[in-house]
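Undergrad: As a plain string of letters, each chain reads:
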Amino acid sequence: MKKLEDYSEDIYKCTKCGLCQSVCPVFEATGLESAVSRGKFTLLNGILTDKIKMGKNMSRYLDLCLGCRACFEFCPSSINAEEIIIQARHHSFNINGISFVKRFIISNLNSRLNLNLLKLALSIYRKSGLINTANFIAEKISFLKQPVCVFNSQIKETIRYKKQKPVKSDSKLKIVYFPGCINNYINPSVKNSVKIVLEKNGFEVNIPDFVCCGMPARSAGDFKTFKKQAEKNLDLIDDNIDFLLTDCASCGSIWEHYAEIVDDKYKEKARNLTAKAVNINKFLAEIDFYIPENTEITATVTYHDPCHLKRFQNVYTEPREILKKIPGINFVEMNEADKCCGVSGTFCVVNPDISKAISVKKAENILDTNAQIVSTGCPSCKIGLSNGLAIFNKIMPIYQPVELLAMLYLKENNNKR
Amino acid sequence: METAIKNLKSVLGNENVLTSYEDRYCYAYDATALGDKLYLPDVIVLPSSTEQVSEILKIADKYSMPVIARGAGTNLAGGCIPLNGGIIIHLSRMNQILEVDKDNLLCRVQPGVAVEKLQQAVEEAGLYYPPDPSNLKVSTIGGSIAQSSGGPRCFKYGTTKDYILGLELVLADGTIIETGGKTIKNVTGYNLTQLIVGSEGTLGIVTEATLKLIPKPESKKVLIAFFNSIDNAANAVTGIISAKIMPATLELIDKYTMETIEKFYPTGLRTDMDASLVIEVDGSQETVDVQAKRIESICKSYNACDIRISKDQKEADDIWFARRSAFGAVAKLGPNVITEDAVVPRDKIPTMIREIRRINTKYSLTACIMGHAGDGNIHPNYSLDLRNKDEMERFEKAVDELFNTALRLGGTLSGEHGIGMTKSKYMKKALDERSIEIMKSIKQVFDPKGILNPGKLFY
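For the protein sequence lines, the chains are A and B, in the order given.
Under numbering that gives the first Met the number 0, the residue at position 19 of the first sequence is numbered 18, and the numbers go up by one with no gaps.
Under numbering that gives the first Met the number 0, the residue at position 19 of the second sequence is numbered 18, and the numbers go up by one with no gaps.
Chain B with its partners taken away, still in its complex shape:
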């Protein structure tokens, strides 16, 4: 170990290799609620180039040390937790946008760049990078690739996986490879790029990505519609989609979430209603107006009691403020928050929400239910105190039931957060044995010594 650290220091310089107990303690967590469990890394390194990452992996390979890549550390499934110690590669200094190519509608970035910063940069050029994970102010492109992150807009535009054209990847032994390229069409061999997207740092460390961009929509409009039953809201979602309208977002907020938001950030939500939908349409000015009108009449036909349409950017921002305040509001309810991430076929949303409510009552738990109704992705946000052993036991049982229900309804374990360490125990229920075997064989090819983010994905 000491020799390994000495080697790391000679590659990166003393100031970029952290070994003090306090520093290791600072990298023992991400945004996942772990309670009093403590997984300390042995060393943290802060590289500033692909070559340095390659040298780090050569050292890790030589000394068989686990390697965990970390962006903003906002993972909710324990993806950045160093379960077996080892080296944390903090990519905060590899945060440059290398190129915005207006002619080819693409950009090249380093993994540590925050999603919002990238979006702002490409929007200045009239372009658009749609995936919008809720923590986009800090969460990085590297993290988005590792988890194949989503967000509200992904209903219309697809998730991170739909925007990755090529990657520069450092393999477990330090070899640098390039996958994909700058072209939209590319069928030269297996699609290694897509294999890496969502692989949660278990196959290699991404050091550069080429992203596909689209033209920025000319105009936007936001609606909020309130319903006196969640079934009506869910049926309205189906109504909108079957009318062949593709809003950018179709967000569902349940009654308790609205009450909680109003408690801390009063914005005039109708707390007497059972659910509301936040719908954003985008495109040219004319199509936006037409879509908004049609959505309004569809919501009415599903008994929406109150519909508000933004007239200007400020009104649009106000509506989004309410939705975006949801997490902060739940955070104020109690000491800890755990955000779950189940996904079901779209038409099963009312059933799923009813089931979540039933499970929560059964185990006496408090949760605000919100989600991306357009793609069946539901996030119950549990307000808890991890120090309360009894509550945590009830929570674990509830989550077991929650995922069994999602699987029974034809859904799956995670829409956009990933499996990490917290959901690996459900993998065998979600996938057949042979699929898991194939995945494990792939892992073996990429990482024969098992040093890349060990303990994640597979139980």
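Just chain A, same shape as in the assembly:
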């Protein structure tokens, strides 16, 4: 495992050209030199040369990074700020620990019991009609309206699972599906959709009882928890699978880091499974998925690129291809489609004002397209998109491409009936 010191040459070679300012969403929102990678490299160089202490101030600055990798794309010196900042957070974690909020989130994600309790509570909230009562009350009380609407839109189960009759011959491929915590415990719509779409196309899916992928722990610098989660997940998967399917952009991008953190006995398995991990959009684009005749979803749709999908997994043409293939969809591109939505895991909790400012920019770009539906490839981006839209008093349906495809299949079933 690399340490911060191992990056000293990378940190030193930043030429201070400042080009990172042009793409950094946090800089755009704050105007602070400490927000941008150039500033962070200067500070980290100070740490490595004993001019600055890794104190509370430093950990606050290290939190001012979305990890979106936008600056890495064209850094003249090709410095991967995101990777270095995570190492620096680990360094800070060992000295300063982490904030209560982060600790709270990570420890809950680490507890199956707590997650299942949350799942149960949300399910009662949905089914008992409390969700409607909350909506009703929020309508009357203005300061509650926004947060309640955003919350309810995030947990609403828009797509229910229904067993599908395959339209293609059974595939022999062994597929394991990693749904991620949000899809597993908070909103099952995406998970339902993946099951529907795969079944329809003749694939069987196996969903082991996974734990959190470890992304939140890794980005907070808590490598101990990350390691535990990585090893537990590896234990749950067979070596001889053909595909490890992910739909959450963040969960999908973490696998490449498993091999660096796990014990030696897990390393080969980690490498092997990383090579088999594939995002659902890429998977679907490569199989010739079923398109029903005489069924349409009539809507103008735009797409937001999750950072963890475009810049970490190089998946950005595939979701667009899927959307364009769905009959009835009029696809429109938004400006700055690949700019971060502002959520970035715990960033939105630690820096709510900055996160909101970034989400507002995203919402402006969405609204400019006059689309009726926003599509994206990550459940946590959905939060950012609806946060931003809520500022403009707009509630828009936000779906992953696979959800729209599942809707199309369900609609066809209904038409036939």
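Be aware that a few hints might be false.
Pairs of lysine-lysine, DSS-like flavour, derived with a Cα cap of 27 Å [stated by the list, open to error]: (1) Lys136(B) with Lys360(A); (2) Lys116(B) with Lys360(A); (3) Lys160(B) with Lys181(B); (4) Lys136(B) with Lys338(A); (5) Lys338(A) with Lys116(B); (6) Lys8(B) with Lys323(A); (7) Lys355(A) with Lys396(B); (8) Lys162(A) with Lys126(A); (9) Lys61(B) with Lys8(B); (10) Lys396(B) with Lys36(B); (11) Lys126(A) with Lys139(A); (12) Lys50(A) with Lys388(B); (13) Lys136(B) with Lys355(A); (14) Lys313(B) with Lys338(A).
If we take Cβ atoms under 8 Å as the criterion, some of the chain B residues that face chain A in the derived model are [said to hold, decoys possible]: (15) Arg23; (16) Ala113; (17) Tyr255.
Keep in mind the hints are simulated off the structure, nothing from the lab.
Cβ atoms here follow ideal geometry from the backbone N, Cα and C, with glycine treated the same way.
Based on the hints, put chain B in the right spot on chain A.
TA: Relative to chain A, chain B alone:
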């Protein structure tokens, strides 16, 4: 000091006044390679209005604190370095385009707006702001005014100074004045506007600028021509200009630069050649075609071995990609890059490049030589490691020789980066004593306490 900071906080609010050691450390540099020298400011302020800037200067004046204005911090001559501590005014939040006036062909902007953002906004209105410093994605109009920045297109269109009609300026004691105005013609008194342009933050802080715009050229075409000797390339430049053709850009790339670009960003440059010219012509569709053909035949007559002309926007972008990748490529050669900025009369370019190559060999230094050949502005980009004391000593000697050569050939110290702290020691060689005296007297009038960007320009 503490009272001053308290006053600043009461004017700007606590969150806009930064005093922690880490924050000060973040504002101790710009894009200039400083090595391990550290010049910490005492406090950083982020104003959002002219009135706030004025209040900041009143406080600075009262407590005699140095004041350094900072835009994107991309200066290459140490212009933003707080040599004597003091207050850094970071103008990142004053970044609005206030008005694009299509009827009068002008716009009004705040100093923190990035040049590219401004260009995009005016081009949407069919207008054009030509100065294009290479870091235009981030570098600001305020910084452009302070340094009178240039760029490739300035050969045809002139530099920042040719596009500033009027300024709103906060003086050292906090007084707000306006210079120039909205008119192209203006001979009412001394031209204070032009005095401020290029004054590197030593005379006042610009808080608003009125810029002249021109209609956007209808069409563009880019050529790249490869030559087996740099003399032929330079002669072709003279050939083009003496044929009374004014391309928008006339960029020269030397052999080693081409090799370096190809190493990191392969685009098919002819590395077997000694030099290449990147020439962009613009104007109406017909004139662009005619100019491109004439330039092609002139380059041929100077023994160009290979000429490529863009047929569409993509091909044009590909050619520019190669030129624009040069800095990134040099940055990958070693840990640090230092970009120098000498300028000589146009016909002295081959001599200057030969001399630079000779000097670099003499001091065993690695440099990619590129530049705006049309206006005699040459940028050797040195790949170095600042931690290597021996290399740095050799570099300093080489730079001394470089500027002596530029001056001997009738050129000067800087075409577009400015003097800042790194070149102030050469000022006496470049200017006569009386000129420097006059400049210093002007400085005295504007800034009697010497608080505005102290230690810059004059040694």
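Undergrad: A separate judgement is required for each hint: does it hold in the structure or not?
TA: Here is what the structure says about each hint:
Between lysine 136(B) and lysine 360(A) the alpha-carbon distance is near 19 Å, which keeps this suggested pair within the 27 Å criterion. For the hint linking lysine 116(B) to lysine 360(A), the alpha-carbon distance of about 16 Å falls within 27 Å, and the restraint holds. A threshold of 27 Å between alpha carbons decides the hint, and for lysine 160(B) with lysine 181(B) the separation of about 15 Å falls inside it, so the pair holds. Among the hinted pairs, lysine 136(B) with lysine 338(A) is consistent with the structure: their alpha-carbon atoms are about 16 Å apart, no more than 27 Å.
In summary, the hint linking lysine 338(A) to lysine 116(B) is supported, as the alpha carbons are separated by about 17 Å, within the 27 Å threshold. Using a Cα cut-off of 27 Å, the hinted pair lysine 8(B) and lysine 323(A) is violated, with the two alpha carbons roughly 54 Å apart. With a CA separation close to 52 Å, the supplied pair lysine 355(A) and lysine 396(B) exceeds the 27 Å bound. A threshold of 27 Å between alpha carbons decides the hint, and for lysine 162(A) with lysine 126(A) the separation of about 21 Å falls inside it, so the pair holds.
A hinted pair counts as satisfied when its Cα atoms are at most 27 Å apart, and lysine 61(B) with lysine 8(B) qualifies at roughly 15 Å. Restraint check for lysine 396(B) and lysine 36(B): the C-alpha separation of about 19 Å stays at or below 27 Å, so the hint holds. Between lysine 126(A) and lysine 139(A), the direct Cα distance comes to roughly 22 Å. Compliance with the 27 Å bound is thereby established for this hinted pair. Taking the CA atoms of lysine 50(A) and lysine 388(B), the gap is near 20 Å; set against the 27 Å cutoff, the hint holds.
Taking the CA atoms of lysine 136(B) and lysine 355(A), the gap is near 24 Å; set against the 27 Å cutoff, the hint holds. With a CA separation close to 24 Å, the supplied pair lysine 313(B) and lysine 338(A) stays within the 27 Å bound. Below 8 Å, beta-carbon pairs count as interface contacts, and arginine 23(B) has none with chain A, the closest being about 10 Å; its hint is therefore violated. For alanine 113(B), the interface hint holds, since its Cβ comes within 8 Å of a Cβ in chain A; the closest pair sits about 7 Å apart.
For tyrosine 255(B), the interface hint is violated, since its Cβ never comes within 8 Å of a Cβ in chain A; the closest pair sits about 18 Å apart.
Figure legend: structure checked against the earlier numbered hints; hints not met, in rising order: 6, 7, 15 and 17.
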